[in-house]
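Please build the complex by placing chains B, C and D on the supplied structure of chain A, with the hints as guidance.
Residue numbers (this note's numbering), protein chains in the order written: chain A, 1 to 223; chain B, 1 to 596; chain C, 1 to 395; chain D, 1 to 213.
Bear in mind the hints are in silico, worked out from the structure with no lab data behind them.
Model, not experiment: these values are computed from the prediction.
Backbone N, C-alpha and C fix where the C-beta goes; we use that ideal spot for every residue, glycine too.
Hints may be right or wrong, so weigh each one.
As the list claims (entries may be wrong) - In silico SDA-like cross-links for lysine to any residue, where the CA-CA straight-line distance does not exceed 25 Å:
1. B/126 to D/189
2. D/184 to A/158
3. D/204 to B/126
What the hints assert, rightly or not - Not close to chain C: a few residues of chain D, all C-beta gaps over 12 Å, as computed:
4. 45
5. 94
6. 148
7. 191
8. 195
9. 196
Unchecked claim - Now the in silico label distances, taken between C-beta atoms and shown as ranges:
10. C/165 to A/210: 43 to 51 Å
11. A/98 to C/32: 23 to 31 Å
12. C/202 to B/72: 53 to 61 Å
13. B/72 to D/191: 27 to 35 Å
14. A/210 to B/112: 39 to 47 Å
15. D/36 to C/270: 29 to 37 Å
16. C/113 to B/273: 40 to 48 Å
17. D/160 to B/246: 36 to 44 Å
18. B/112 to C/32: 41 to 49 Å
19. B/60 to C/346: 21 to 29 Å
20. C/202 to B/115: 44 to 52 Å
21. D/168 to B/588: 52 to 60 Å
22. C/165 to A/128: 33 to 41 Å
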Amino acid sequence: MSDMQDMEKTESEEQIARIAAEMRLANDGLSDQDKAYFCDARPQAVEPYRGIMEKFANWARSQSLWILGFGTGCGAIELRPLMTSRFDMYRYGIQPRPTPRQSSVFVIGGYASVKTVKRIVRSYEQMQGPKFVLGLGSCTVNGGMYWDSYNTINRIDYYIPVDVYITGCMPRPEALLAGFNRLKQMIREGRCEGMNTYAENFDWYKANQKQIIKDWNMPDYNW
Amino acid sequence: MSLKDIVAPFSVWKRAFEKPYTNRKPLDTRPGAPRYRGFHINAVDTCIGCGTCEEICQNEAIDLVPVKETRHGDSGLRPKIDYGRCCWCALCVDICPTGSLGMSNEYIWIDDDPEVFRFIPGYDEKSWNHAELGYRRAEGYDLLEGQRVGMPMLSFEESRKSFVEMVQGFSAEQAKAEADRCIACGICVATCPAHMKVPEYIKAIRDDNMAEGLKIVYNANPLPASCGRVCSHSCEYVCAVKHKGEALSIRWLKRYIIDQIYLGDYQKILDEGEPDNGKRVAVIGSGPGGLSAAYYLRLLGYQVTVYDANERAGGMLRYGIPEYRLPYDQVDKDIEYIRSLGVDIRQNTRIGADVDFEVVYRDHDALFFSTGLTDPYGLDIAGEDLPGVLSGLGMLDDVTEGRKPDLGASVVVVGGGNVAMDAARTSRRYNAEVTILYRRREEDMPADDEEIHEAQGEGCLLITQAIPLRIEKGDTTRLKLFWGRAEMVSDGPGRRPKPVLIEGSEEVIACDTVIPAIGQAADYSFLPEETAARLTFKRGYVEVNEFHQTAEEKIFAGGDIANPKRDAISAIANGHSAAKGIDIYLRLLQKERATF
Amino acid sequence: MVDVKQNSQRSKFPPVDAVTGKSRYNLLSGKYLKIWQGPQHPGITGNMSLELTVCGDEVIECKTHVGYLHRGFEKLMERRKYIQCFPLVCRICVPEPDFNEYLFAAGAEELAGIEVPEKALWYRTLTLEMARLASFLMWIGGQAGAFGMATIGQWTVTMRDYVLDLFEELSGGRIYHMYIIPGGVRSDLPAGYARRVEDTLVMIEKVLKDIDLAMMHNAVFKKRAVGLGVITPGMVDEYGITGPNARGSGIRRDIRKDLPYLVYDQLDFDIITEEGGDAYARTRVRMRETAQSIDLIRQMLRKMPAEGPFFRKLPNVLHWKVPTGQTYVQAECTRGEYGFFMVSDGTELPRRIYVRGPSYTHAVTLMERLAVHVNIADTAGLMVSLHTYPPEIER
Amino acid sequence: MNSISAAASAGTGSGSGTGTETGTGTGLSGERFPVRERFPVWKDKFSLVSSMIQRQDLAFVQVPMQTTVAFITHLRDLEGYAHLVFFTAIDYIEDGIFRLTYMLHNYRRHHDLGVQVDIPREDAGMESIHHLWPHGATYQRELKEMYGIDFPGSPGVDESFVLEGWHDIPPMRREFDTKEYSEKTYYPRPGRVTYDPTEYMKEKLYPSEAETW
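Chain A extracted, bound-state conformation:
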């Protein structure tokens, strides 16, 4: 009897271990030596707080949007006027931050070349949640000007989840501000679930990313 139980127990333990191993990321792009340095866990979807707490948290989040200071494309040029005195986005609770760890908003500044997509993915994954992505310019929607270029992607939403799109080439700083307002509104309504989408569809995103980033020499999830 106890033998049987033992056997069952070991079986289920093995099962759990196997499932757990499957849940681990392979990190195939890394050398064995480097694998030890990096985490192999997957991103997890985050449960919202209960009731009013979540509402309060969302309000607080919407009031302080910190942009990652990464000008991925030409759209970055309109961030400068926004940061400086004429449009002064600091008064809206928006400010640039130098590192992904401190930022909550990633502004994809227009087109993204494959080389940049790799950095975008890396930076995005390093950002702490809750995090939001703003697609700036037509290029993020359907390739824009560079729809037939061999080196720029057409749709950023294949690689990272995007919350708000601002069309234009270039969108004026006002359009950007309006985009931030929209983002704030969506955050308050609790509709910006990009981060959870990413966690839930992690394999799909990862497959897309790996399809275009040919020399994958980083961990599968950069956390």
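Same frame as chain A, now just chains B, C and D:
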């Protein structure tokens, strides 16, 4: 480094007391500049869906989608813009031939769904649809040329002295420059009765590839030398470039291709057609309809015999159009090529008189007739049978045959069609003083605008809203024509106003000759009665199906007798359709026989 | 360290192994550290990166990595008609698109043998100088910001924004003007434009005075910029250095004077040079050229013809065949010699368009050389002082 | 400054002056470098294949592959063409060649000289010029990456420059179709449909087979 370097930076603290540069409400207080290239607007009613915007868009951001009803000169398609592609360069606005496309100065469009950034400007409800401000093409900047390349023409002083062709034809540079204006939208193709691939042969001119051009032309029109001169060019009325000013000289460009190639070289370029399949088809009438049918039937492998009552082939092209518009050697060029393919054209063979219809009917597997309108309408007024009253067509016939018409010193032509203009201008070439009387207004005249213009230029006096009342013998001249003034009276909505005689307004012109040229009717007398009984007629026209087959399945008909458009190019198209129809009919028949 | 210095003196390159091409520094020794500055870094100009090997806080090897903004313009232009290249070219360099527009137009016009109306030449020059002004203003902010003086960036970027307002009024676009088209320009000046330009210039001049006090006479700035990244006159030809970077070393070269294009030969100005060849001298050159640009704009507004056409009709652009030929047109942009090498094979599509951006040599070869022995905190300042815009490097 | 009066005589065309030998108001005495006179000399020494004067300040010469680097060295050291403006290639796939273009500038004469050399496309390779100008190595790196032209001995020529992890044929080669590659790799957003006006009007206005030819 000095003390100044330490102190100076502090001096700019004064800026702390200046008015801040910050815009307090940037979203509300700063609309786009008056010329801002914001979101697109489009006047969908002005737009003709030519697709030039799609053509120039380097981002392939523009699609053409069905929005309106398709009609001639308007494809019914309208641009739909993908803002996931657009770069707001506004080249589409610059090139738009109708000027319907513009840009508003609105620029904010934000959404969380990337699929929504596509819309049809002017059709989809958008806040900027009626924006006043925004980018428009500036005055003095234009990517398209609205002016035609001038066609070298004889001056009116010279032209009215002789029957030398008035339009002299483009030089190579002129043709290329004119061909360069084409935007290759293809709107004209639907309107051309023969659906000639106009943009393609114009491209051949640009590429200086005349052989290719000839092939494209002959694909739909076996009488291009004639058509290139006298076609009614309905294509030019719908040409997208016309919205910028003047339409392309499509007709003259076609003529340019033909003028560049000698008849002797045609055979090297054009397809000779299928080998003889042993079937025989008769064609009655060697006008454009008959010749077109004969040509395409020959290409399909049929033995074709053309019966024609006149001394020379060409029908109205030769006998109805004076030489200064269409020289006879050009008609010959077209006909000679068709003849060289093995089409048997029998002149001076009037059906019913020289050869029996029944014989022709029996000896051939199918029959196509396009005998045209040969019976001129009379004026139906008193004195019409006086000597000196000639029919317009009759006079033109005489001139073609080389007989000098007896016109006298002054001529009155009654009518406003092309035949009237031809009669007037021919009379002018015989040094007669010419007056043209027309019942309606000048804009109602069915003749081509340039015909009217040239007739007037050559010194013909045009009197509109004039109704002839009676003709009497003249005192010093041969005749006197009495006419009354007409006023235009509305004839119900959607119908053109009709002229009504103003009672008591009577004037008189003394003249030697009166030429009524107010239209013609068909003459079906060659048809035996029992055959005619089997065909159906409607208001003078033979009723035919889309393949120009009459109620009698072996008989096909086309040209002016079966087609209210009554122009050469329609007749050519009819002939082509009939050739296809005859081919289908005979092949089906063969199949049926094989199955029995 | 002695070894390192000798190495760098002997070689034009960061010391690399002749066989493997790899760095000679052994990172595993623990003596050196490799740091990536960019592409996600506030101290980098645009989207590019520097791979720095440091020993302590001294950079001993620098390698520039570009390509983050590569869109393959030259390939895309090979499959677009000439008129379709027109919206494309301005995107090659974001802060001053007009030079691209002008050079593309000039190249196409030269190949096609099209003469541009007199007024269009003035308008083109006006937009080029305004672009220069806008670009320099942004650069001044960047240079100051790289040395920790963010306030100046606040001023100048705002001033640049007023110039962009002028552009928006003129052309309908703030950043991508798409104003200079083959054949001329796309529109006339709006009514009262000259006045509004003048108002903006007055505002900018005032700010420039303040900047002179706050930056050029700032002990901190001087301390950091003087002696940083010295370009000796001998290096200029060797490294293909052009523009203010060369003029900062006392080399009198300016395409506007040497090979006058547009209406520069009708304007009164001098080539501005400074001695020293360091970041400070380059900053002075650019500050003075900003003022010169303002002066040129004023001259143009005064001398410009009021009447006449501003556009000459092209052949139908939908099938515009440019005759076979090749040409190279160049212009003096804010950073140096900007050029378009255009080859046409007589078809509707260009055979080859090569874009020569000055940043190409400045940001790669020159930066790799100058960054050696620079304090890591100054690399950003050095990078900015070379005034490089990555999109024109990789195109 | 007498620049205004000088302007009257100088071509004001936007670079389209086709070679009237006028002064340019730059303070440079006399006419531009009479490059035409140098051609025979170069022809003897470096077996020049052809030469073309595009503008008074721009000329192109073509040299054989063997003498190219010697010629460029000669130009740099003895003729004053010290500035390498750019170095690039043109793909003439139909002729099976790459045409390399070295654009050199002479600051004394203010003259540009494009030295062109045709090299076969198969196993394309060329002598390196990195020893003449350090930034030549950068150009060569780019050419290797974009066209697959090898420059043996050029530092870092095998390293990727702009692209990263590129496995296809070098993208600037003409046989590489960027649109096709983009469509198969980067998923254009679906759902677009367009109609050709000619075809659409045919469908609507004359669908009958009788009018189709």
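**Item:** Beta-carbon spacing of residue 112 of chain B to residue 32 of chain C - inside the hinted bounds 41 to 49 Å or not
**Value:** holds, 47 Å
**Message:** Hinted pair, alpha-carbon criterion (25 Å max): residue 126 of chain B, residue 189 of chain D. Please report holds or violated.
**Reply:** holds, 23 Å
**Request:** Return holds or violated for the Cβ distance of residue 36 of chain D and residue 270 of chain C against the range 29 to 37 Å.
**Result:** For residue 270 of chain C against residue 36 of chain D, whose Cβ atoms are near 32 Å apart, the range 29 to 37 Å holds.
**Request:** Take a look at whether the Cβ-Cβ distance between residue 210 of chain A and residue 112 of chain B falls inside 39 to 47 Å.
**Result:** violated, 26 Å
**Message:** Holds or violated: the 53 to 61 Å window for the beta-carbon distance between residue 202 of chain C and residue 72 of chain B?
**Reply:** Given range 53 to 61 Å: holds, Cβ gap about 59 Å.
**Message:** Verify the CB-CB distance for residue 113 of chain C and residue 273 of chain B against the hinted window 40 to 48 Å.
**Reply:** About 46 Å separates the Cβ atoms of residue 113 of chain C and residue 273 of chain B, which means 40 to 48 Å holds.
**Prompt:** When you look at the beta carbon of residue 148 of chain D, is every beta carbon of chain C farther off than 12 Å?
**Reply:** Per Cβ check, residue 148 of chain D is outside 12 Å of chain C; nearest 14 Å; holds.
**Message:** For the hint 36 to 44 Å, verify it against the beta carbon of residue 160 of chain D and that of residue 246 of chain B.
**Reply:** violated, 56 Å
**Request:** Just tell me: holds or violated, for the beta carbon distance of residue 168 of chain D and residue 588 of chain B against 52 to 60 Å?
**Result:** 55 Å Cβ-Cβ, so the 52 to 60 Å window holds.
**Minimum Cβ-Cβ distance from residue 94 of chain D to chain C exceeds 12 Å** = Nearest chain C Cβ is 10 Å from residue 94 of chain D, so the label is violated.
**Prompt:** Does the hinted range 43 to 51 Å hold for residue 165 of chain C and residue 210 of chain A at CB?
**Reply:** holds, 45 Å
**Item:** Distance restraint evaluation - residue 98 of chain A, residue 32 of chain C, Cβ atoms, bounds 23 to 31 Å
**Value:** holds, 24 Å
Checked against the numbered hints given earlier, this structure breaks hints 3, 5, 14, 17; the rest are met.
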